[in-house]
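J.: This is what each chain is made of:
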Amino acid sequence: MLPLSYSLKNLWARPLRSAMTALVIALVVVATSLFLGLISSLKRTLVGTGHPQNLVVMRKGSDNDGASALPQEAYQAIRFLDGIARNAADQPLVSPELVVQPFFRTLDGGRENVLVRGVEPIALEVHDQVQIVEGRMFRPSAAETIVGRAVAGRYRGTTLGSELEFGRGRWKVVGIFTAAGSSFESEVWVDVRELANDAKRPLPYSGIRLRAATEGDLVALQERIENDPRFALQAQRETDYYAKQSESANSLYVLVVAIALFSGIGAGFGAANTMYAAVQSRIAEIGTLRAIGFSRASILFSFQLEALLLAIAGFAVGSLIAVLFAASLGSWLKGIAFGAATFTTNVVTLEVRASDLLVALLLALGIGLSSGFGPAFRAARMRPMEALRRG
Amino acid sequence: MVLTAQETPLIRLREVSRSYQRGVDRVHALERVSLDIPAARFVAFMGPSGSGKSTLLNLVSGIDRPTSGEVWVAGQRLNDLDEDQLAQWRARHVGLIFQFFNLMPVLTALDNVALPLLLTQLDKRERARRAELALRIVGLGHRLHHYPRTLSGGEQQRVAIARALVTDPDLIVADEPTGDLDARNAEAVLALLRQLTHGFGKTIVMVTHDPRALRFVDQAFHLDKGRLLEGNDAERAHEAILLAAGGGGAAAAVLP
Amino acid sequence: MISWFGLVLANLGRNRLRTALTFGAVALAVMLVVFLLTMPAGLDALLNSIASNTRISVHNKAGIVYSMPYSYARKVRQVEGVAAAVGMTWFGGAYEEEGRVTFPNFAVEAEYVGAVYPDYGIPKEQLEDFRRYRDGAIVGRQTMRKYNWKIGDRITLKSNLWPVALDLRIVGEIPQERAPMLWLQRAYLDEALLAARGRGLEIVGIVWARVEDPERVDQVMQAIDDLFRNSEAETASETEKSFFGNFFGSLKGFVTVILVVTALVALCIVVIAANTASMAVRERHGEIAVLKAIGFSRRRIFAALLAESTLLCTSAGLTGVALAYGFAQALRSFAGWSPALGPLGSFLVTPGVALRGVLLALAVGFISGLLPAWGAARKPVAQSLHEVF
Numbered sequence: 000m001l002p003l004s005y006s007l008k009n010l011w012a013r014p015l016r017s018a019m020t021a022l023v024i025a026l027v028v029v030a031t032s033l034f035l036g037l038i039s040s041l042k043r044t045l046v047g048t049g050h051p052q053n054l055v056v057m058r059k060g061s062d063n064d065g066a067s068a069l070p071q072e073a074y075q076a077i078r079f080l081d082g083i084a085r086n087a088a089d090q091p092l093v094s095p096e097l098v099v100q101p102f103f104r105t106l107d108g109g110r111e112n113v114l115v116r117g118v119e120p121i122a123l124e125v126h127d128q129v130q131i132v133e134g135r136m137f138r139p140s141a142a143e144t145i146v147g148r149a150v151a152g153r154y155r156g157t158t159l160g161s162e163l164e165f166g167r168g169r170w171k172v173v174g175i176f177t178a179a180g181s182s183f184e185s186e187v188w189v190d191v192r193e194l195a196n197d198a199k200r201p202l203p204y205s206g207i208r209l210r211a212a213t214e215g216d217l218v219a220l221q222e223r224i225e226n227d228p229r230f231a232l233q234a235q236r237e238t239d240y241y242a243k244q245s246e247s248a249n250s251l252y253v254l255v256v257a258i259a260l261f262s263g264i265g266a267g268f269g270a271a272n273t274m275y276a277a278v279q280s281r282i283a284e285i286g287t288l289r290a291i292g293f294s295r296a297s298i299l300f301s302f303q304l305e306a307l308l309l310a311i312a313g314f315a316v317g318s319l320i321a322v323l324f325a326a327s328l329g330s331w332l333k334g335i336a337f338g339a340a341t342f343t344t345n346v347v348t349l350e351v352r353a354s355d356l357l358v359a360l361l362l363a364l365g366i367g368l369s370s371g372f373g374p375a376f377r378a379a380r381m382r383p384m385e386a387l388r389r390g
Numbered sequence: 000m001v002l003t004a005q006e007t008p009l010i011r012l013r014e015v016s017r018s019y020q021r022g023v024d025r026v027h028a029l030e031r032v033s034l035d036i037p038a039a040r041f042v043a044f045m046g047p048s049g050s051g052k053s054t055l056l057n058l059v060s061g062i063d064r065p066t067s068g069e070v071w072v073a074g075q076r077l078n079d080l081d082e083d084q085l086a087q088w089r090a091r092h093v094g095l096i097f098q099f100f101n102l103m104p105v106l107t108a109l110d111n112v113a114l115p116l117l118l119t120q121l122d123k124r125e126r127a128r129r130a131e132l133a134l135r136i137v138g139l140g141h142r143l144h145h146y147p148r149t150l151s152g153g154e155q156q157r158v159a160i161a162r163a164l165v166t167d168p169d170l171i172v173a174d175e176p177t178g179d180l181d182a183r184n185a186e187a188v189l190a191l192l193r194q195l196t197h198g199f200g201k202t203i204v205m206v207t208h209d210p211r212a213l214r215f216v217d218q219a220f221h222l223d224k225g226r227l228l229e230g231n232d233a234e235r236a237h238e239a240i241l242l243a244a245g246g247g248g249a250a251a252a253v254l255p
Numbered sequence: 000m001i002s003w004f005g006l007v008l009a010n011l012g013r014n015r016l017r018t019a020l021t022f023g024a025v026a027l028a029v030m031l032v033v034f035l036l037t038m039p040a041g042l043d044a045l046l047n048s049i050a051s052n053t054r055i056s057v058h059n060k061a062g063i064v065y066s067m068p069y070s071y072a073r074k075v076r077q078v079e080g081v082a083a084a085v086g087m088t089w090f091g092g093a094y095e096e097e098g099r100v101t102f103p104n105f106a107v108e109a110e111y112v113g114a115v116y117p118d119y120g121i122p123k124e125q126l127e128d129f130r131r132y133r134d135g136a137i138v139g140r141q142t143m144r145k146y147n148w149k150i151g152d153r154i155t156l157k158s159n160l161w162p163v164a165l166d167l168r169i170v171g172e173i174p175q176e177r178a179p180m181l182w183l184q185r186a187y188l189d190e191a192l193l194a195a196r197g198r199g200l201e202i203v204g205i206v207w208a209r210v211e212d213p214e215r216v217d218q219v220m221q222a223i224d225d226l227f228r229n230s231e232a233e234t235a236s237e238t239e240k241s242f243f244g245n246f247f248g249s250l251k252g253f254v255t256v257i258l259v260v261t262a263l264v265a266l267c268i269v270v271i272a273a274n275t276a277s278m279a280v281r282e283r284h285g286e287i288a289v290l291k292a293i294g295f296s297r298r299r300i301f302a303a304l305l306a307e308s309t310l311l312c313t314s315a316g317l318t319g320v321a322l323a324y325g326f327a328q329a330l331r332s333f334a335g336w337s338p339a340l341g342p343l344g345s346f347l348v349t350p351g352v353a354l355r356g357v358l359l360a361l362a363v364g365f366i367s368g369l370l371p372a373w374g375a376a377r378k379p380v381a382q383s384l385h386e387v388f
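Chains as they are written, first to last, in numbering that gives the first Met the number 0: chain A, 0 to 390; chain B, 0 to 255; chain C, 0 to 388.
Just chain A, with the same shape it has in the complex (with noise of 0.2 Å):
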């Protein structure tokens, strides 16, 4: 077998032809991480919403909050139902809760519909992943709100302390928050009799997301919420809710693909003509080795390690320059928005991991792969004479 550092020591010898097929290498390693980390960001913030053991309740035929509304007698009926988990003050975990999207200005002039969710006190204790990081919880009848991480700062008057316009009032900002990254930072929280008032909502809740107190109970408060007959309702885990909601996003995978595809067999093609013009300039050398006597699947082996190993340079690159490059891109556009369409602005915070980068990986080494196979088979089907003769 011929050793790794002849390889390397051939790349190295013709460098910019080397550096200019790993650089298309990381150039698409970059555009497909990249892509691929802003679709993840997105499924992430969403599928990470929720508590598994938390019901979303909604009228039926419902596929989000800001289309569903509920009586006052719902909330009431549900609230006293059994199974459901109760704080250290014995209060049920159960929150009624009215959404609504009104407009609100972005920094720029721009306008988008952020999703504000009316809720009562004990929203907190049922969203647990909702932590309070600067000033308070509002209170309520005060005109005053919470406005979520990714929210803050995005949009007028929203950073703590300022007077925030929305809907047909004026609230104070009283406190921001965090929600481990999931959805709920792209929302902005008020008191939902305030809200409802402001909305003019003749039904005042658009929705209950409760707690049950254990697995079991979720399945059995989810039939009786279910088949009660009184009100036309759907009760979903609220993992799951998000989770479809996340599943517009899957569209956007065919993009993925695309770019990842496309870009990649354009890169192979480029790969594989540096190879096969790196066969063509060792002719001489190939006819040396076979007299020798190395063996067609060592030269084999060989070319096909070099075309291998500037593809993991590339990656490595790549992945760098993605990393970083998302990063910068993420922090100068303040988040990523999603969702116009849906009526609610979801923003995304722009993030390349491990995971995406696996697949920019198996991508690298794919060009690297098919890129070097011709150019290698070729060189190892030289008959040594003709090589010699041919150099």
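Calculated directly from the structure, the hints in this document are not laboratory data.
Cut-off 30 Å, straight-line C-alpha distance, at most; resulting in silico cross-link-like pairs (DSS-like, lysine-lysine):
hint, chain 1, residue 1, chain 2, residue 2
1, C, K240, A, K199
2, A, K8, C, K378
3, A, K59, C, K145
Every value quoted in this text rests on a predicted model; they were computed, and no experiment measured them.
Dock chains B and C against chain A, hints included.
T.: This is chains B and C only, laid out in the frame that chain A set:
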């Protein structure tokens, strides 16, 4: 070409020197060479490797320019021309033949020969006609549409000669034209070049160290270490070559 | 007989495999660039197509999900300078899969909608049918294509917002490539709601109005907002362009990422092409020297080499554009309107986008050939010949 008087030489070199910078060293490839070559002659520059014969050929054909001294060819003082003007001048006045033929592998024999005509104002038909004529002159009228790789070495060199001939230049220069050919083909090429001089009135300057060439050329200039040998030195060099050639047919055949 | 162009072509044919690989790489990358460019271009095209019309949207100042009383539609219609106005309310109908809205659908006033959208080119008879049939629906061409619907087909939409499912018959098509929306009769929804919950529709989401005189658009918008000032639902009027510009404004970040990715792919093409050009020049070192020796000027050598890379890239670029066209067509027929993409998902290779792809390829060919060609041309002939002899 404006010179009509027989006694005015086609090529005139006066005190020509050429030196290169190679790293920290200054290499003197040619030193104070003066010579005249009249028109319609077949002339050889001979000498060992590094004698400066190729440099001399490059200067005569306008490929290179002297460090000092004057080069006149066909009434033109080549010192006065810049790189692009020289290219233009070469296209019009010089035909070139190389040791390794240097044909374009992607073009047929005919297209290779027609290549220099692209630099003229001739129309397509006229270019084709002249290229074909040139190939007939070198005896390859039957190989017009062959690609170089399908031709023998001798044939390839004849295509190259046709390419040098096709623009009807004042001067044809050849750098080791037999260097890559076997004995039979080498002689055929030399005979063809001689015929171009005596049958068509072409001036041909050739660099070679093929002793056979002495039987075909009208005159040989001998160089050594960048200087033109004269008088006794030249004769001695001449005889040495003849001796080597006559000393054994076998040796001559093996010599490159 | 050999010609200038023939020389360039012959050189491209020298290393067929390399030419083919480069051609393929550039074609695929250009295809990808063109495909990605259709996304921002789709948004631009939408905004440009409505830039000059005099349509305005009247909606609740607080947001489009904050509705207005239905009477607003009538009141807007009576404002001086308004040629026509139609109330439009989000229906949120899901087709096939419950709860999943795959194209936007609205309840509209059948008798007014045609007058507000004369530019859509909906045939008169179809508009009449829409008025005549209570369950009639008019559907945008993009959605018609996606579901392979024909006029006369019957479909059922189950609303995720209203407690009804409506059986509809398609009576017309909005003959616009990028139009995804479906219109159904407001009166029909109103009736169904009355039956289902004892209360009719009562509200309206947006009132779209067409202003007669382009000069008076601002004035009319002012008059409308004044009319509803201090009422239960204050309005905000804006031009159609401003409305959609704002509506899709949140896609900006996404578009930026798309453009960044596009730029990366474009850069890829430059490097691939440059690599090829430099290999092509390097291995022809000797030939180039010979061409120079027989009198080809530096300019001609430079031009021939540059023409070679430009020709290769441009022809590959043209192929790439054609591939992108095919790919977009295929994707459009099965992906249709994606809520996640909105107008970015129209995937239409317009002449403008195609032109950008070809120009990119041309520029890449030129730029990538520049350096190697310059290097080859500049080298003094004696020096290169020295390497040949």
